[in-house]
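Residue numbers (my numbering), protein chains in the order written: chain Z, 1 to 343; chain R, 1001 to 1343; chain B, 2001 to 2343.
Possibly wrong hints are sitting among the right ones.
Here are the computed distance ranges between Cβ atoms for each label pair [said to hold, decoys possible]:
{"#": "1", "chain 1": "R", "residue 1": "Gly1016", "chain 2": "B", "residue 2": "Ala2317", "range": "30 to 40 Å"}
{"#": "2", "chain 1": "Z", "residue 1": "Gly314", "chain 2": "B", "residue 2": "Asp2315", "range": "32 to 42 Å"}
{"#": "3", "chain 1": "R", "residue 1": "Val1230", "chain 2": "B", "residue 2": "Asp2324", "range": "36 to 46 Å"}
Simulated from the structure, these hints should not be mistaken for laboratory data.
Keep in mind it's a predicted model, so treat the numbers as computed, not measured.
By construction, the Cβ of each residue, glycine as well, lies at the ideal position given by its N, Cα and C atoms.
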Amino acid sequence: MLKTNAGRFFEDYTIGDVIHHAVPRTISGGERAMYHALYPARHALYSSDEFARASGLPASPIDDLAAFHVVFGKSVPDISLNAVANLGYAEGKWLKPVYEGDTLRSVSEVIGLKQNSSGKTGVVYVRTSGLNQHNETVMEFVRWVMVRKRDENAPAPETVVPELKQSIDAADLVLPEGLDFSNYDTALSGDPHRWGDYAIGETIDHVDGVTIEEAEHMLATRLWQNTAKVHFDAMHRDDGQRLIYGGHVISMARALSFNGLANAQMIVGLNAGAHANPCFSGDTVRAWSEVLDKADTSNPSIGATRLRLVAYKGDAAFELKRDDGKYVPQVLLDLDYWVVMPK
Amino acid sequence: MLKTNAGRFFEDYTIGDVIHHAVPRTISGGERAMYHALYPARHALYSSDEFARASGLPASPIDDLAAFHVVFGKSVPDISLNAVANLGYAEGKWLKPVYEGDTLRSVSEVIGLKQNSSGKTGVVYVRTSGLNQHNETVMEFVRWVMVRKRDENAPAPETVVPELKQSIDAADLVLPEGLDFSNYDTALSGDPHRWGDYAIGETIDHVDGVTIEEAEHMLATRLWQNTAKVHFDAMHRDDGQRLIYGGHVISMARALSFNGLANAQMIVGLNAGAHANPCFSGDTVRAWSEVLDKADTSNPSIGATRLRLVAYKGDAAFELKRDDGKYVPQVLLDLDYWVVMPK
Amino acid sequence: MLKTNAGRFFEDYTIGDVIHHAVPRTISGGERAMYHALYPARHALYSSDEFARASGLPASPIDDLAAFHVVFGKSVPDISLNAVANLGYAEGKWLKPVYEGDTLRSVSEVIGLKQNSSGKTGVVYVRTSGLNQHNETVMEFVRWVMVRKRDENAPAPETVVPELKQSIDAADLVLPEGLDFSNYDTALSGDPHRWGDYAIGETIDHVDGVTIEEAEHMLATRLWQNTAKVHFDAMHRDDGQRLIYGGHVISMARALSFNGLANAQMIVGLNAGAHANPCFSGDTVRAWSEVLDKADTSNPSIGATRLRLVAYKGDAAFELKRDDGKYVPQVLLDLDYWVVMPK
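Using the sequences and the hints given, assemble the complete structure.
Next comes the structure, spelled out in structure tokens:
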């Protein structure tokens, strides 16, 4: 009777499966402090209870990406333990801020399956939701991963590829209850530039860089109870390197984007994301952004901005893809997301 | 007037001495979060207030081993600053869970003394207790260490070797007040296997591994205010290596054992423990377990399981000792402890 | 329209300027736990709510130096992003302890300007104050930094060099409201030596050492939202080294000084400080102290002690300056500060 979890293989998924992920997690001030120690995170709403209250929230929530990591991390043992690659994200929405004392759990539904032509692997699409102790969904997102088959001779399932939005409609973005930027203080937020100061097509080099350490990415990845071996075990890959959790790069890039986007306070939508190339200890991560779109929201003091956030290593900003459409080797992350900003 | 603490030497201990250790410590959500960042700890009772409440506790306590580390750490300046080796543990009992807001201090009584035949060192046995702000004992354990003599010509004390139990009787294990696993949810805990699914003699390879980093073991050891030089000062040993606190290996192995023993929720007894070989940065730590014994408890929803937990480096599980009875070089830890599980 | 903060240059400062620094920060138990994980900090007042209450405070505050780091860190983007060197500190006072739940922000006033003879740089003197959510000043200090000019041809400002006290008068030190050491327990604090046991001129070798890791100094520096590139980006300096935030050395040395000064509980004044030589990962930091002065306070149970705290690397304590008055190369920090101790 094998007691350990070997993870699911491609043939273990069925369309419509609902998987309740294990190990709920209560968030405290400790997780908030760790997030601020691990990333140069400075968005004021997530740093100061007073700033959050002036913006209509009861207190400063944990960073939106910390909430994402907790929800994502719980899904790893059931979804991506045998994943060859994390292929993409879509339709991510933050629905409720997460506060100290909240307890999160995750549930995923299998919404797509497609065996690869090799017959050795397949793509699994899941919609993962994070729920709090009141069974309210605090966030949800779709991701798809390439998973190994246990038995290459297992029959292929019927192919189902879900129709996913290229981008969330601005009208479908959800503002946290009470959020209002009428009294927004740009001296305290660290940047005079408001929603109206950014133009579609504008690009921003976020200037700063952080050199990645093994201890830091492991602390981060464990904090979210993400258990994928490849992040922790230097004997797992032939080259002796520990692959860095893609979410570590997302959080690092988002934090670096403060310098130029300090008022891109809350992340409310995740349209797409690609981990373009692997990141390893010793890489120096930098970031640049492009303004993709802008929209009004239901609140006249708040505007929505759709951003591309690119993390790269080395020092060549603004390069993205080669002529053949492939990412240049120094690009680590290409993320497409919606934020809300003060008007 | 020397102001620094040079630590006690063998001739400084007398049978019956009661040593009140310094620097009480208040536990907050920060210590809980750090513990989860330092170890892949996922036992649900220590991760979720909701899960803990469903199990009859008022909230999620800090990990039992975190409580152990706090209590142990306080004893280091008085007991093991001049220790040559930490020889063993016995009769460890967890009596009350430790919650955020609790303040712990430690007291040790000298219960045994035996000078070694070399005349240069001796073995000191102490029973160390951790007390909370209400002066309730939250845990206690016996440990014995080999300590240098200050003066080799100092007379040997009368030899007193305490009679210590090979293992705590299951009947003497203490369940936290209110603990009940009648409504235990194995989907949330992450493992379908209950107490009845484990057989005496069964062994489990916990599969996962973590490569140790200097920054991580130092963060951990400092968090428990353990001050032994050898963990922090690369100039202390001739080989320039920092010796890793044995408790770091204990917590790492216990956390890794989640994969196969996710329902071994609470540690209630420590029967024995040996730090078989030293651990250094760069070692990849893995773990395997053996079911040594099983017993009922006073609560029909809760069973007790006695486990051997072995931490080792490299990739050869299930090896333990050579023919001559010595541990094989890759074994780091051999721990014998009692847990409680849902029936 | 450049969106990123390039920092201020020498010609951007005017005497009397008041700069409100961005990103207020709410402190929780997480910051306290991180501080204890990053430094071997054991002063009992900052470790135990019970000990703090026995000393007349409502709870255990965060370490005085953690409060300093938060206040300092906020000033970095406006004061020292283009600093060539952090030249000195003076007139630092801790006015109110900082507790969990407090939100801090920082304000600096420009009090001195002096262009260097090269015409390429100048010295900026600021008085920086940290304020809590009630707009009470919790601490303040003067620091001066050498800052690059953007344009070497910009005219020099009128030279104003503020008159700064060599040392704060003991009579001007502020004791936290309610602080009383009448019931001080030296068994719990970890050291029998009280204020009366220290003599002016006495020196103490603090014995212990900690080898510095990249991950640890970056975690610390980010925790205080200090954004100076040189601490994080290994590509920033030609030698590929990350310069360690001087405050990391201050906190490390202060924590190491526990062994010999465990009853030097609260820091109440900062008279002077020099970062004598740079510190890098791999250095082993040690510390020694010298008693510079002693004074009574308004409370008969509390004495003030003025200390020199020297951090150095390697193993040669008590060396400080060469015959020509320059610091010997192994000295990292020379700090002059006031503490309060139990009489």
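message = Which constraints among the numbered hints does this structure fail? Numbers only, ascending.
response = none
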